[in-house]
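S.K.: These are the residues of each chain, in order.
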Amino acid sequence: MVRASSVEIRKVNKFYGPFHALKDIDMSIEPGKVTCLIGPSGSGKSTLLRCVNFLEEYNSGEILIDGELIGYETAGGKKMSSRRLREMRRTIGMVFQQFNLWPHMTALQNVAEGLIRVRGMAKAEAETRAADALEKVGLGDRMGNHPSRLSGGQQQRVAIARAIAMEPRLMLFDEPTSALDPELVGEVLTVMKALAAEGMTMVVVTHEMGFAAHVADQVAFMEQGELVAVDAPANILHHPEDPRIQSFLRTYHERNSF
Amino acid sequence: MNDLLAHYGPFLLRGFGMTVFCWLLGTAGGMVLGLAIALVQRYSIAPVRWVLRAYIEAIRGTPFLAQLFLLYYGGPMFGLRLDPVPAGLLGLSVYSSPYFAEIFRSAFGSVPIGQIEAARAIGMSEFSIVRRILLPLGLVSALPAMVNFSIVLTKETVILSIITVPELMYQVQRMSAETFRYVEANLALALFFWGFVELISRLGRRFETRITKHLIERT
Amino acid sequence: MFSWTTFWESFIPLLWAARFTVLVSGLGIALGLVIGALICAAALSPMKALRLFAALWVSFLRGVPLLVQLLLIYFLLPVIGIDVPALVAAVVTVAICASAYISEIWRGAINALPRGQTEAAKAIGMAPLAQWTRIILPQAVTMSLPALINELILLVKASSLVSVVGIMEITRASQAQAATTFRPLEVYLAAACIYLVINLCLAGVGRWLEQRMAV
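Protein chains in written order, with this note's numbering: chain A, 1 to 258; chain B, 1001 to 1219; chain C, 2001 to 2215.
Quick caveat, the hints were computed from the structure, so don't treat them as lab data. Some hints could be false.
Cut-off 25 angstroms, straight-line C-alpha distance, at most; resulting in silico cross-link-like pairs (DMTMM-like, lysine to aspartate or glutamate) [said to hold, decoys possible]: (1) A:Lys123 x B:Glu1126; (2) A:Lys79 x B:Glu1126; (3) A:Lys123 x B:Glu1198; (4) B:Lys1155 x C:Glu2009; (5) A:Lys78 x B:Glu1126; (6) C:Lys2048 x B:Glu1198; (7) A:Lys193 x A:Glu8; (8) A:Lys23 x A:Glu226; (9) A:Lys78 x B:Glu1117; (10) A:Lys78 x A:Asp26.
Please build the complete structure, drawing on both the sequences and the hints.
M.R.: Below, the structure is given as structure tokens:
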């Protein structure tokens, strides 16, 4: 079992110029729980996720990881030092839609890089650890390959290995399967399910309603920068009360039936 | 003819050596300066960026010859008294630096932001990101333009003869003035440069494909 | 001490000399456009000999430094019985050198046109000449305008080299001015300023053209 973090999001607002991208978002995520963020594109779910590790700066409100404010020294105060931010980010893994593997490194080097540069491990030790992480995502036989020689599903699993090798207490997934061919989605979701079963706190922006229904502890629905509802998966996905959620799910089901 | 070659051969050879020396060192200097400019532009505050932008526009907007005169003849007035060769090397480095800076800037811009964010997300420091992600990826995509511009620079070295740097052009002009064979000397020089530039272009292309293939396995 | 008086006073002779800079680069690009068009036509022609000639022309002129070309033509013309003033030799050299780059610019623009353009013209039964004058050239010329402005900027800078054969353009005039005032720093700075202003104006025109074309 991993040591898992809690996340507390309070009254978070985010503006791009005049555009109000996140409106007073409140949400709490308990340690070891899986939260899925769903909603139409442009609803702000990726922005919210990226605020959690401060890749995106929120303008007001606070986001607390294990009770500790990220990004700012005090709520509404000045930004925290980049060194402190880096330390907090070490415990937060992130997986991107476009994988973002480094093309000039092999799978093994991609995973070992953070251990060497950030955790200061010796190369040999880092590579042993990286190999373990790759085994865990089922890529023990692909360690020497460059990303260009891997399928999309394999690349995304390397990206997950890169994140878990750092021993995070919280994992953020930004539409991890959206860039994948349909037949490759399953292998990535399997790895994510295994991670959830180990007790990792996970926040997942996704369009995979099946994953949300079966794996999530809570599902949050966002639209136009607003958090419309956070509830148990069944209450959101099967008996939604809000008409916005109903219409979103209707469109979703129409698109996925033929 | 044989007498001429026997007499002037060593000078021509030395001149060619000087040409290559100035070219390599000047280009290297320009690359280092250009890389520094591109990195500072990327990581500094707005006023510093404006100053660098002005530097780039000023150098690109004026002829190399005017820059050389300013440096070589005007330099002593602000305490920079240089011999022809160092003046030429510095001139070539300064002249080429904004072009290299622009090459690096656009190459850094072509590194996908996601790959840098991935490094930030695992807590890598900006310095590590530059060294491990931005430079390796940026330099590879900058390589074709770097090779291209370096080849262009071989031709600029002849301008150094005007401030009496004893490179090939200078030696050939000295020889032609002493023998009155202006046409033959300049024709030979032209043919020589033609061949030389063609040769290094080919070598450059080969070097480029080899190194790109080695550094990144792209499909 | 930096002498502002010398700096400002230098502008008078240098600006007067700038007419030769403008003349050499302006005539250079004008003649270069004509010769460049011919070379480009040769490069695109079905005759192998013409294509080879164009390829050699471009490769030679792009491989040999302009200064060497200049001295070669300057010394060569009298030998083959053409006795012309240095200014003519200078303009001819700049034009010939420019023609190599310009023909490549035009070839690039023509090749960049989608094949569908000529196919559509052929499909409605347009004659080959009309295909060129009505469809291909108008588009290629507009497309190449920013690159041609860029070439003109390069020529303004390259025209400083004709000072070597005694043309009293900006660079030569500043040498003379520096020799009489003994203040090279101020004089060459003034010269640099004039070049910079000319080229910034040209670059502005180039950007304006590019924006207009982007619509």
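S.K.: Of all the hints numbered above, which does this structure not satisfy? Sort the numbers upward.
M.R.: Hints 3 and 4 are the ones this structure does not satisfy, whereas the remaining hints hold.
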